[in-house]
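Q: From first to last, the protein sequence lines are chains B and L.
Heads up: the first sequence begins at 3 in my numbering, then just goes up one per residue.
Heads up: the second sequence begins at 365 in my numbering, then just goes up one per residue.
Be aware that a few hints might be false.
To be verified - Subject to a maximum C-alpha distance of 30 Å in a straight line, what follows is the list of computed DSBU-like cross-link-like pairs (lysine-lysine):
(1) L/K791 <-> B/K62
(2) B/K34 <-> L/K623
(3) L/K417 <-> B/K62
(4) B/K46 <-> B/K34
(5) B/K34 <-> L/K368
(6) B/K34 <-> L/K651
(7) L/K368 <-> L/K463
(8) L/K761 <-> L/K834
Simulated from the structure, these hints should not be mistaken for lab results.
Spelled out from the first residue to the last, the chains are:
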Amino acid sequence: MEYELFIDDTSALRQGEPVELFIRDTERYEAKYVRAIVADSRDKLPEGEVLWLRYTRGLKRPQPWYIKIVQELEGLPMVEGPLG
Amino acid sequence: MPFKGLRDFIEALGRSGDLVRVEREVDWNLEAGAITRRVCEIGERAPLFLRVKDYPGHRMLGAPLATYRRFAVAMGLPPDTPVRAILDEFDRRSRGRLKPRVVDRSQAPCKQNVMRGEEVDLFRFPAPMVHEGDGGRYLATFHLVVTRDLDSDWVNWGMYRVMVHNRNTMGGLILPGQDIGRMYVKYEAADRPMPYAIVIGPDPMSAVASCMSPGPGETEADIAGALNGEPVEVVRCETCDLYVPAHAEIVIEGEVLPKVRVEEGPFGEYTGYRTSPRMPRPVFTVKCVTWRDDPIVPLANMGVPVDDSHIIFSVTWRQDVLNAVSKFPITGVYVPPESAGHVAIIGVHKVYEHIAQHVADAMWGSKMGYLMPYCIVVDADVDVYDMGQVLHALFTKLHPIRGVHGRPGPGHGLFPFMSLEERRWGKGAHLLLDCTWPFDWREGIERPQRAGFTTIYPKELQERVLANWKAYGF
Numbered sequence: 003m004e005y006e007l008f009i010d011d012t013s014a015l016r017q018g019e020p021v022e023l024f025i026r027d028t029e030r031y032e033a034k035y036v037r038a039i040v041a042d043s044r045d046k047l048p049e050g051e052v053l054w055l056r057y058t059r060g061l062k063r064p065q066p067w068y069i070k071i072v073q074e075l076e077g078l079p080m081v082e083g084p085l086g
Numbered sequence: 365m366p367f368k369g370l371r372d373f374i375e376a377l378g379r380s381g382d383l384v385r386v387e388r389e390v391d392w393n394l395e396a397g398a399i400t401r402r403v404c405e406i407g408e409r410a411p412l413f414l415r416v417k418d419y420p421g422h423r424m425l426g427a428p429l430a431t432y433r434r435f436a437v438a439m440g441l442p443p444d445t446p447v448r449a450i451l452d453e454f455d456r457r458s459r460g461r462l463k464p465r466v467v468d469r470s471q472a473p474c475k476q477n478v479m480r481g482e483e484v485d486l487f488r489f490p491a492p493m494v495h496e497g498d499g500g501r502y503l504a505t506f507h508l509v510v511t512r513d514l515d516s517d518w519v520n521w522g523m524y525r526v527m528v529h530n531r532n533t534m535g536g537l538i539l540p541g542q543d544i545g546r547m548y549v550k551y552e553a554a555d556r557p558m559p560y561a562i563v564i565g566p567d568p569m570s571a572v573a574s575c576m577s578p579g580p581g582e583t584e585a586d587i588a589g590a591l592n593g594e595p596v597e598v599v600r601c602e603t604c605d606l607y608v609p610a611h612a613e614i615v616i617e618g619e620v621l622p623k624v625r626v627e628e629g630p631f632g633e634y635t636g637y638r639t640s641p642r643m644p645r646p647v648f649t650v651k652c653v654t655w656r657d658d659p660i661v662p663l664a665n666m667g668v669p670v671d672d673s674h675i676i677f678s679v680t681w682r683q684d685v686l687n688a689v690s691k692f693p694i695t696g697v698y699v700p701p702e703s704a705g706h707v708a709i710i711g712v713h714k715v716y717e718h719i720a721q722h723v724a725d726a727m728w729g730s731k732m733g734y735l736m737p738y739c740i741v742v743d744a745d746v747d748v749y750d751m752g753q754v755l756h757a758l759f760t761k762l763h764p765i766r767g768v769h770g771r772p773g774p775g776h777g778l779f780p781f782m783s784l785e786e787r788r789w790g791k792g793a794h795l796l797l798d799c800t801w802p803f804d805w806r807e808g809i810e811r812p813q814r815a816g817f818t819t820i821y822p823k824e825l826q827e828r829v830l831a832n833w834k835a836y837g838f
């Protein structure tokens, strides 16, 4: 399985420790709220699955990252915010 | 000839030569979107995808109203009806009102199948991945969303994009300036969920009516009846007190949660760009789905003009502008589809100086006005429906300084020309291009004479030339 994450600033992605992410699979595009470890190279996370990164306007970055899902969280990551 | 649903409209498209039945299997994941996009960009016939990968028994209809021909068919007019005649007839019908007729569940094809609660699985339907890089599968691209005001009987129909998050949750774009936004903020203030019904694949005039804005207290359902010439048949929802077109393909019922957002988008939009980023937006939980046997999912692929959105806006937004400026001595209003609905061209009899500003102010004061940042005003001798004439006026009569009137105004998060900060807060701008001659320019002195066949030759010579046209060898 491969996954995708929408993010503009990859420096905000902490590598090597579990972080909460809102990702989707690339087979049927189902959203998943997970705790996962990510890395920017296969060497850093050999057991990881492919994680494609997209800018928040949809453009796909050429090189994938890697992800190991530690836990699937319940529901979706809901936040407060304005309309728009 | 009114259509009860999408299916009899599809049959009519087949009869008029505006439909291609695609027998080859097509993937819901981008392929159907790519085909539909190309169809829009070359003005092709609407594709009816008969075999959808992973979804046996399901069909998809691309670009249902992406040409004026198909719009004419949807109105029951001959497909080659001129644009101006389509607009005039739409204007006439849209001033009427016909309330929906409630039918029993047994007479509602949209109730042929049902799943509720834990059974709900939106992946049962071939929701298309429309554009590469979209934020999700947009099941709702040619549809209407039904909601009721919290503290009145006002029911709104509107077409707002909605994508699938997971098997029972969707996300959508709701803007505070939209009617659904006005309703939603009331529910949020009361900390209550807002019941909704998403009607996918209604009859075409119901979809079109949902893109109008008659204002608070009026429901687009009554306009849909007037456009069709007979009441829309509606049926009560399974889980709430909303009514939906009985002949729709799929109906999704649920609630928009108050005060919470989940990341939604991005989506290739009607402006021709993917402008707004993935952002936290309202959450649509799903309680129940009903659908017809062998449902047809319509796919309006928004992007570079001309697609369904541009044709519909050129009619419905134009109608709002027309209603707003009709008290002025106007000769016509046109919202060219190629402008993505961003400009209204208005012809006026220039009976006083600054009438262009007056008319533009009225336009921008209309409900839909804020969606149209540009206004071109031309003299009465310019046919607003003829872009050649409009361009000629624009580049010969518009004074580059005196005729250009820009100013701040309400904006829209999808306007590509706005900065990120302006999009976030809806800080927009308006531009009036006044292509009328100054009122104090005297005929024969300051005012140039138009050098056209009908304006610079004697009438009797024109008639003689026309009478002898074939004799000249043409």
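Q: Decide, hint by hint, whether the structure agrees.
A: Each hint, compared with the structure:
no.	hint	in the structure
1	L/K791 <-> B/K62	holds (29 Å)
2	B/K34 <-> L/K623	holds (21 Å)
3	L/K417 <-> B/K62	holds (24 Å)
4	B/K46 <-> B/K34	holds (23 Å)
5	B/K34 <-> L/K368	violated (39 Å)
6	B/K34 <-> L/K651	holds (20 Å)
7	L/K368 <-> L/K463	holds (15 Å)
8	L/K761 <-> L/K834	violated (35 Å)
Comparing the model with each numbered hint stated earlier shows that hints 5 and 8 do not hold.
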